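Given chain A's structure and the hints, the job is docking chain B with the ligands onto it.
If you read the protein sequences in the order shown, they are chains A and B.
For the first sequence, full-length UniProt numbering begins at 1 and goes up steadily by one.
For the second sequence, full-length UniProt numbering begins at 1 and goes up steadily by one.
Please keep in mind that the hints were generated in silico from the structure rather than gathered at the bench.
Small disclaimer: the values here were computed from a predicted structure and weren't measured.
One or more of the hints may lead you astray.
The list makes no distinction among identical chains, and a pair is therefore deemed to hold if it is satisfied within one copy or across any two copies.
[As the list claims (entries may be wrong)] Within a straight-line C-alpha distance of at most 25 Å, the following computed BS3-like cross-link-like pairs (lysine-lysine) qualify:
(1) K153 / K28
(2) K86 / K159
(3) K124 / K31
(4) K31 / K170
(5) K2 / K153
(6) K159 / K31
(7) K2 / K159
(8) K86 / K136
(9) K159 / K28
(10) K28 / K124
(11) K31 / K163
(12) K136 / K28
(13) K64 / K153
(14) K153 / K163
(15) K86 / K28
(16) K185 / K86
(17) K159 / K46
(18) K86 / K178
(19) K163 / K86
(20) K166 / K2
(21) K124 / K64
(22) K163 / K124
There are 2 protein chains.
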Amino acid sequence: MKELVFGHQNPDTDAIVAAKAYSYLQNKLGKDTEAVALGNPNEETKFVLAHFNEPAPRVISSAKAEVDAVMLVDHNEAQQSVSDLKDVTVTHVIDHHRIANFETAAPLYYHAEPVGCSSTIVYKEFESAGVEIPAKLAGLMLSAIISDTLLFKSPTTTKEDLKIGKQLAKIANVDYEKYGLEMLKAGTNLASKTEAE
Amino acid sequence: MKELVFGHQNPDTDAIVAAKAYSYLQNKLGKDTEAVALGNPNEETKFVLAHFNEPAPRVISSAKAEVDAVMLVDHNEAQQSVSDLKDVTVTHVIDHHRIANFETAAPLYYHAEPVGCSSTIVYKEFESAGVEIPAKLAGLMLSAIISDTLLFKSPTTTKEDLKIGKQLAKIANVDYEKYGLEMLKAGTNLASKTEAE
Ligand SMILES: [Mn+2]
Ligand SMILES: [Mn+2]
Ligand SMILES: [Mn+2]
Ligand SMILES: [Mn+2]
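One chain only, chain A, in its complex shape (with noise of 0.2 Å):
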């Protein structure tokens, strides 16, 4: 049985990343599941794709039309999450932030832990699993480490995201440094807005 995984409305590029990241490993793990989102990607996000050649994620308004079941990926709360978030089974979540207004009829998995960024959590299901992360994927999931830590300095970074992200830029052979600020400047958006102004 299908399953989708998708992060939260308004997606940034670890609710992107990581809703791809998570499903690549479900699916090595023998689910059939695809990676949704529940909008388009900003603009970081959109360089960060293009960046390693990797499409957009399929925009979904509802998950009944489609699946059963779901997997959520860098939320919980249903108010952030897809509309008809009720009509469906939760059986995965993979998140960073506290629990508020979520519910199940049924016991499932729950990973969260009070770290800076989704993918960095996503990364140790890899590593639990004994799953390799493509050299592509670990670049990704590793935009999104430097999207939700602002390149390891955020308060909400910890010793695990900046291990993590530096693992992950070698598989992905990034300076890190170099990119991650290449990155953030495309979100603010800084380039094109000095070319408009």
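Structure of chain B with the ligands alone, referenced to chain A:
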């Protein structure tokens, strides 16, 4: 800052044992925690504690009277927890039940899986932390899994419960089939009833 670790009201063997096991692990990892309980052990749990020469945990009726932060095992629903749960911060949850009536103000560590027993999940926490389980604790955790899965026969039993149960039996050097039947019999209190009749 000390934290209390406890299972649900009217504790069963898993509620008592998972608290003891997770508190042991957290202390090994440098935290200052104490496993307590929200009620006295039932007949089955008394048998288990006596068998492994382990004291019953201290019973509390308030968390806030002692600490600012707590870790929950084997439950998450507020109505099953300590009466003043809303006055303390939940930093960790290890559980195998649905999520309902649970809300936090801040991000936390939450590890739930749809398996037969919380102690199965605690075992995985030991594994990923690389911490060894002492023989006595392994015997207690095996008892919790036998209790929750009715000796691996309940419909909630997973392959992982069985695999981990067998590994714990090996560490504890316990014949789990023989011990498990004795333990479940102690729980039904057949022996004492027969004597009394
Ligand atoms: Mn996000
Ligand atoms: Mn995030
Ligand atoms: Mn229980
Ligand atoms: Mn249990």
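*Intra- versus inter-subunit Cα pairing at 25 Å for K86 with K136*: Neither, since 34 Å and 44 Å both go past 25 Å.
*Go through the copies and call it for K124 and K31: within, between, both or neither, with a Cα cutoff of 25 Å.*
both (18 Å within a copy, 22 Å between copies)
*Status of K2 relative to K166 across identical chains (alpha carbons, at most 25 Å)*: So K166 and K2 fail the 25 Å test inside a copy (33 Å) and across (33 Å) alike.
*asked:* Cα distance capped at 25 Å. Does K159 pair with K46 within a copy, between copies, both, or neither?
replied: neither (28 Å within a copy, 42 Å between copies)
*asked:* One pair to classify: K86 and K28, alpha carbons no more than 25 Å apart. Within, between, both, or neither?
replied: Classified as neither: same-chain Cα gap 28 Å, cross-chain 40 Å, threshold 25 Å.
*Should K153 paired with K163 be assigned to within, between, both, or neither, using CA atoms and 25 Å as the limit?*
within (14 Å within a copy, 42 Å between copies)
*When no copy is named, should K86 and K178 be tagged within, between, both, or neither for a Cα gap of at most 25 Å?*
neither (43 Å within a copy, 45 Å between copies)
*Since the copies are identical, ignore which copy is meant and state whether K159 and K28 lie within 25 Å (CA to CA) inside a copy, between copies, both or neither.*
between (28 Å within a copy, 19 Å between copies)
_One pair to classify: K2 and K153, alpha carbons no more than 25 Å apart. Within, between, both, or neither?_
neither (38 Å within a copy, 29 Å between copies)
*Is it within, between, both or neither when you check K31 against K170 at 25 Å Cα-Cα?*
The answer is neither: 28 Å in one copy and 32 Å across copies each exceed 25 Å.
_Same-copy or cross-copy closeness of K124 to K64 [CA-CA at most 25 Å]_ = For K124 and K64, neither the intra-copy (30 Å) nor the inter-copy (33 Å) Cα distance is at most 25 Å.
*asked:* With identical chains, the pair K163 and K124 could be close in the same copy or across copies; at 25 Å between alpha carbons, which is it: within, between, both, or neither?
replied: Both. Shortest intra-copy (12 Å) and inter-copy (22 Å) distances satisfy the 25 Å Cα cut-off.
Violated hints, listed in ascending order, are 1, 2, 4, 5, 8, 13, 15, 16, 17, 18, 19, 20, 21; each of the other numbered hints is respected by the structure.
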